[in-house]
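Sequential numbering of the sequence shown, starting at 1, is according to the UniProt record's numbering.
These are computed hints drawn from the structure, not numbers from a lab.
Some hints here could point you the wrong way.
[Said to hold, decoys possible] FRET-style restraints, in silico, Cβ to Cβ:
id: 1; residue 1: Asp-483; residue 2: Pro-165; range: 17 to 23 Å
id: 2; residue 1: Tyr-382; residue 2: Ala-325; range: 31 to 37 Å
id: 3; residue 1: Phe-245; residue 2: Gln-478; range: 22 to 28 Å
id: 4; residue 1: Thr-425; residue 2: Asp-277; range: 43 to 49 Å
id: 5; residue 1: Thr-385; residue 2: Thr-281; range: 31 to 37 Å
id: 6; residue 1: Gly-190; residue 2: Gly-429; range: 31 to 37 Å
Don't be surprised by glycine CBs; every beta carbon is placed ideally from N, CA and C.
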Amino acid sequence: MDRPACQLKSWLHCSAEDFQKIMARTRGLGRAIGRFVGRDRAAGEDAGDVPERRRPTASARRLRVHQMTTEGRDMAEDVADMTDDVPEQPTEAPEMRADAQGADSGEGSDGNDAAEGFPGGPRDPSVLTSFAEHVAHAVWSGQERPDLKLVSHGRKLTLIGRPVPEIEGLVAATGLSPLIDCSVITGDPGLISAFVERWHSETSTFHLPVGELTITLDDVSSILHLPITGALHSFHALSTEEARFLLTELLEVSAEEARAETALTRGAYVRLGWVRDIYETRCQARRWIVAARAYLLHLVGCTLFANKSATYVHVVHLDAFRDLAHSGGYAWGVAALVHMYDQLDEACRTTTRQLAGYLTLFQCWIYEHFPSVHQCVTDDTYQETSPRASRWLTSKAHMKGITGAPYRARCDGLTVTDVSWLPYTEHRGVRAFQEISSFQGQLRWGPMIVAVRPERVVRQFGYIQSIPPPPVSARLSQEQIDDRWMEFADHLLPAGQPCLVPGQVSADYIEWFFRISHPFMTPTQAADQQRDAPAADPEDYIQPPSPQVPVAFDPPPYVDDYEGYEAIAQRLERVLNLRIVTAGTELYDIMQDCLTIARGGPSADGTVRARQRRRTDH
Numbered sequence: 001m002d003r004p005a006c007q008l009k010s011w012l013h014c015s016a017e018d019f020q021k022i023m024a025r026t027r028g029l030g031r032a033i034g035r036f037v038g039r040d041r042a043a044g045e046d047a048g049d050v051p052e053r054r055r056p057t058a059s060a061r062r063l064r065v066h067q068m069t070t071e072g073r074d075m076a077e078d079v080a081d082m083t084d085d086v087p088e089q090p091t092e093a094p095e096m097r098a099d100a101q102g103a104d105s106g107e108g109s110d111g112n113d114a115a116e117g118f119p120g121g122p123r124d125p126s127v128l129t130s131f132a133e134h135v136a137h138a139v140w141s142g143q144e145r146p147d148l149k150l151v152s153h154g155r156k157l158t159l160i161g162r163p164v165p166e167i168e169g170l171v172a173a174t175g176l177s178p179l180i181d182c183s184v185i186t187g188d189p190g191l192i193s194a195f196v197e198r199w200h201s202e203t204s205t206f207h208l209p210v211g212e213l214t215i216t217l218d219d220v221s222s223i224l225h226l227p228i229t230g231a232l233h234s235f236h237a238l239s240t241e242e243a244r245f246l247l248t249e250l251l252e253v254s255a256e257e258a259r260a261e262t263a264l265t266r267g268a269y270v271r272l273g274w275v276r277d278i279y280e281t282r283c284q285a286r287r288w289i290v291a292a293r294a295y296l297l298h299l300v301g302c303t304l305f306a307n308k309s310a311t312y313v314h315v316v317h318l319d320a321f322r323d324l325a326h327s328g329g330y331a332w333g334v335a336a337l338v339h340m341y342d343q344l345d346e347a348c349r350t351t352t353r354q355l356a357g358y359l360t361l362f363q364c365w366i367y368e369h370f371p372s373v374h375q376c377v378t379d380d381t382y383q384e385t386s387p388r389a390s391r392w393l394t395s396k397a398h399m400k401g402i403t404g405a406p407y408r409a410r411c412d413g414l415t416v417t418d419v420s421w422l423p424y425t426e427h428r429g430v431r432a433f434q435e436i437s438s439f440q441g442q443l444r445w446g447p448m449i450v451a452v453r454p455e456r457v458v459r460q461f462g463y464i465q466s467i468p469p470p471p472v473s474a475r476l477s478q479e480q481i482d483d484r485w486m487e488f489a490d491h492l493l494p495a496g497q498p499c500l501v502p503g504q505v506s507a508d509y510i511e512w513f514f515r516i517s518h519p520f521m522t523p524t525q526a527a528d529q530q531r532d533a534p535a536a537d538p539e540d541y542i543q544p545p546s547p548q549v550p551v552a553f554d555p556p557p558y559v560d561d562y563e564g565y566e567a568i569a570q571r572l573e574r575v576l577n578l579r580i581v582t583a584g585t586e587l588y589d590i591m592q593d594c595l596t597i598a599r600g601g602p603s604a605d606g607t608v609r610a611r612q613r614r615r616t617d618h
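Using the sequences and the hints given, assemble the complete structure.
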């Protein structure tokens with residue numbers, strides 16, 4: 001059977017139902033820590049009981065963001081592939097972010113805000129309530145932001161090398177050893193920046209012309225091979241004195257050494273180079289447990305917990321390696337996701353110029369899901385037994401410069417068929433899908449809390465995407481988060497309708513999404529085709545004329561499937577009317593061909609006969 005006929009048959013077996021279908025206030029680690037490290041703040045400024053500020057109206061927010069972006073025009077920095085070895089030399093201790101970010105989403109915006117909207121969207125700002133401060137609003141208004149400076153410590157991993165044989169088992173038992181060999185060496189600031197522009201903290205998702213996508217726990221598990229089940233690490237912010245005590249206790253340095261190092265870093269931090277020296281010294285002394293702690297602190301400081309200092313790691317992370325027998329019980333994949341979300345929440349603000357976190361996770365996630373946007377090449381020697389991050393060649397010798405349309409334009413041009421919705425099919429034999437990947441609610445690592453919202457990206461789980469419920473903004477306590485995580489089976493994404501084709505959505509989804517989102521980053525020009533989501537009304541679709549051809553044989557007395565073909569035609573019209581499929585693509589041509597057949601014409605190649613209406617004169 002030829003391809004159009006196969007496609008037509010798949011539509012024939014599709015029922016009508018198949019086509020109809022919080023942000024917790026993110027508080028990063030740095031704010032909690034800042035109370036103790038001397039940042040010239042008022043004593044109670046970072047207290048947890050500080051009253052929340054009252055959210056301004058949309059017009060007030062737009063006025064403020066215009067002032068902010070005007071003042072920030074000259075703040076652009078030179079952007080390297082990745083800032084690796086040169087710290088910023090701040091007068092303050094390096095910040096591990098914890099800005100209490102108002103993500104009070106949902107249906108809580110007042111009527112005037114909803115009616116006013118924003119140029120280019122969202123026309124209804126009840127979901128993206130902080131859009132006035134978002135970089136997308138500034139870009140649409142003509143206030144460009146330079147590519148983000150990517151702060152990564154990937155090259156520092158090569159300075160410490162693989163663990164010595166005596167501690168290899170100890171490191172592997174923690175579940176962190178996959179991080180040793182899979183870090184991206186050369187970052188792509190343009191690619192990363194193009195996706196950061198589309199991240200929205202209210203939904204914890206990237207907003208694209210095809211709808212929402214996000215980095216899920218399943219992505220973390222497949223890309224990094226980190227455990228996504230287990231305990232969430234609990235710790236409190238350290239004072240400098242407490243950090244010194246932890247260094248003397250767990251790394252066996254003298255009080256003088258600890259005091260000198262924390263004085264140099266001006267807080268509860270240590271330099272990564274200093275940690276490497278401690279590791280080598282403890283190996284020489286055959287203090288293997290202590291050496292393993294130093295190695296692991298350096299490992300997570302270069303990967304999961306990379307911060308904008310480019311040279312420091314926070315001492316508080318050492319506590320996770322106090323008892324190495326328990327370190328393997330932590331959900332390290334959750335730690336990676338929480339810190340990445342937190343960094344994205346900050347980076348999508350208009351005034352932010354840098355991005356930290358484990359950028360290997362972010363960049364490889366883009367590689368896996370958006371093959372038409374990037375030009376990275378894969379390693380021919382890659383084996384599926386390794387983390388998926390290892391299959392991409394990211395040294396400067398292999399990284400290709402972007403050609404053709406810039407990244408932003410490529411993202412604006414995405415269609416459903418450009419996205420790899422389920423990229424790990426070949427990897428399932430090594431890394432099976434785990435139910436906990438569809439956990440809904442809030443996750444944390446220490447005091448840092450984010451929300452995961454798989455109900456907004458069910459296509460990444462193989463289900464048809466319908467309009468999700470409004471984001472919940474109520475903040476849970478750490479104890480409540482832990483309880484729900486331990487009872488994750490009660491908080492999983494319910495199974496939905498399986499997609500008949502990848503990326504399928506309900507009939508009303510795209511129109512709703514274009515109303516509450518900002519799906520494009522580049523304003524249209526006068527000659528451009530309209531990109532707004534059209535009304536989902538099949539009657540608005542103008543069917544091209546179907547050529548009438550003589551039938552060289554006697555038609556059958558009747559065709560039983562007339563009603564079925566009519567239903568197919570109506571659904572094809574609806575999909576084409578929503579413009580989910582781009583005109584001129586192969587899929588578009590196939591759908592047009594199927595529609596012509598269903599309406600009574602021949603296929604494009606003439607091999608499929610036109611159907612006949614049911615005859616009743618027999």
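Results of checking the hints against the structure:
| no. | hint | in the structure |
| --- | --- | --- |
| 1 | Asp-483 - Pro-165: 17 to 23 Å | 41 Å, violated |
| 2 | Tyr-382 - Ala-325: 31 to 37 Å | 33 Å, holds |
| 3 | Phe-245 - Gln-478: 22 to 28 Å | 23 Å, holds |
| 4 | Thr-425 - Asp-277: 43 to 49 Å | 45 Å, holds |
| 5 | Thr-385 - Thr-281: 31 to 37 Å | 35 Å, holds |
| 6 | Gly-190 - Gly-429: 31 to 37 Å | 35 Å, holds |
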